[in-house]
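Trainee: Sequence:
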Amino acid sequence: MDKLSQELVDIICDYLESTLEGQKTPKLAPYACISRQWKAAVERKTFALMPILFPEADDFVALVDSGRARYVREVHFHANTRFPAPGREGRIGHPDYGYVGASVIKDVYQIELLADLATVMKHMSEWEIEYPIVFSISGTCIRFDEDSPPLEFPIVKNIRTFRCLIRTTDPVDICKLATRMPELRKFSFSIPHHKKRQNSRLADEIGTWGEKLPQLESLEIMGEHDTFSRQRHLHRMGDMRNEDGVDRLCQELRLLSQKRGFKRLRTEYVPISRELFEDTQNPTAKMSWPTLEEFTVLFHEMSSTGEWYLTDEPMGQGPNQDLRFKHDEAAVAPILELFTRAISLESSPSLKRAGLGFQIALLEMRTMLASFGEKEEEPDFLPPDFLPTFVVGYGSLDSFT
9 MDKLSQELVD IICDYLESTL EGQKTPKLAP YACISRQWKA AVERKTFALM
59 PILFPEADDF VALVDSGRAR YVREVHFHAN TRFPAPGREG RIGHPDYGYV
109 GASVIKDVYQ IELLADLATV MKHMSEWEIE YPIVFSISGT CIRFDEDSPP
159 LEFPIVKNIR TFRCLIRTTD PVDICKLATR MPELRKFSFS IPHHKKRQNS
209 RLADEIGTWG EKLPQLESLE IMGEHDTFSR QRHLHRMGDM RNEDGVDRLC
259 QELRLLSQKR GFKRLRTEYV PISRELFEDT QNPTAKMSWP TLEEFTVLFH
309 EMSSTGEWYL TDEPMGQGPN QDLRFKHDEA AVAPILELFT RAISLESSPS
359 LKRAGLGFQI ALLEMRTMLA SFGEKEEEPD FLPPDFLPTF VVGYGSLDSF
409 T
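Sequence positions in the sequence shown follow the numbering used here and run 9 to 409.
No lab work stands behind these hints: they were computed from the structure.
No more than 27 Å apart at the CA atoms, straight line, and that leaves these computed lysine-lysine pairs for DSSO-like:
id : residue 1 : residue 2
1  : K220      : K204
2  : K204      : K184
3  : K271      : K294
4  : K267      : K194
5  : K184      : K165
6  : K184      : K220
7  : K220      : K165
8  : K267      : K204
9  : K360      : K194
Quick list of the computed label-pair ranges, beta carbon to beta carbon:
id : residue 1 : residue 2 : range
10 : L57       : G246      : 38 to 46 Å
11 : S358      : E191      : 20 to 28 Å
12 : H86       : R44       : 31 to 39 Å
13 : V142      : E219      : 18 to 26 Å
Just so you know, even glycine gets a beta-carbon here, dropped at the ideal spot from N, CA and C.
Sequences and hints are given; from them, build the entire structure.
Mentor: Pasting the structure below:
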C-alpha cells in the first residue's frame, strides 16, 4: 500500500466510504492502519467532523493530538445532561434557565458538563492550524454560574463559525461565550423567551461586539418555533422598550448590520420594532447598510411593544382554540414600508437576498421580496392586498418572487 500515491489512496478511501450503508458517527477509540498513506486518508475522513458526547472530553483530548488536529474542520459538543430532552416549559411566561420541564438540572452534572466544555475549548486553543473551525453546542441544557462564568473560558482563535441553539440556556451567557472566539465570522444562537430585562442585557452585550468580535459578518437569531407557545396568553411579553421608548435590542441589531463588513442578518420569531430599520430618535437620518448581502426577518406574532400583529381573538374551540389567524394590516404596514426602504438599492447596494414574512398558526406565509441572484422558494401564501406595499420604490428590482 505504501507504493501507492497519497492521491490514489484518498480516492480508494472516498469510494469505500461512499459504499458504506448506515454509517455511524466515528467513535473515539484507538485503531490500527495498514500503511502511512492509508492512515492519512482514514484520519482525514475520521477527524473532519468530531462529535463529543458528554463526558468524553478527555477521550477527545487524548485522540486528537497536534498531528490529527490539522484534519479537524468541525467540532460538535453535545451537552447531554443525562435527562430526557426538554418538552414545553411549564412556565413559559417566566422562564428559569436551567430547568428542563419541571426538573432542575442537577448541579453535579452541570459542574461536570462545564468542565468538559472548558477542556474541549482549551484543547482547541492549543492547535496550531490555519484552517477555520466550526464549533457547535447542542443538548438539553448548559447553565453557567459564578464558579464557571462564560468570560473565563479559554480563548479559541481558530473558530470561525459558532452555533448554539439550546432553548434552556440563557442567551446572554451564550453571547458572552462567543466573545471568547475573537476571530468569529458566523454566529447563531437562540432566544426562546423574551423579557425586558433579558433583552436589555442582550443589547448591552451585542453593543460590545464591534470591539470584541470585529470580524463578525453573519448573525442568525432563532426564537420560539412552536406557534402554540408563541400565541399563549402566558407568553405575552409586555412592553420591552426602555424609558425613552426605544427597543434597544432591535437598535443594536440594526447598528451591527450597518457596520461595514457585516453581510448577513436573519431573525426568526424574534419580536421586532421600527428600531430594526430606522433611528426612531432621529427619523430623518439616512439609513445605509453598505455591505449587507442578506436581510431576512420572520415575524413573531407580537411586537416588542407587547402588541399583537394579529387582530382576531383565539377561536375558542377545537385543537387550535388558543391561536389567532388574521394579521393586522395596520400594525404590519409600517414595518413593511420600512423594510422595503431598507432593502432598496440606495440603502443596501450589496443586497443579494431579502425576505419578510410571518407564520399564522399552522399556515406559513413567507414572502420573499427581492431576488438578485438565485431564486428563493415560492411563497406559500401571498395576500393580494400585500402586493402594492411590496413593489413601491423598486425601480432596480430584477425579479419579484
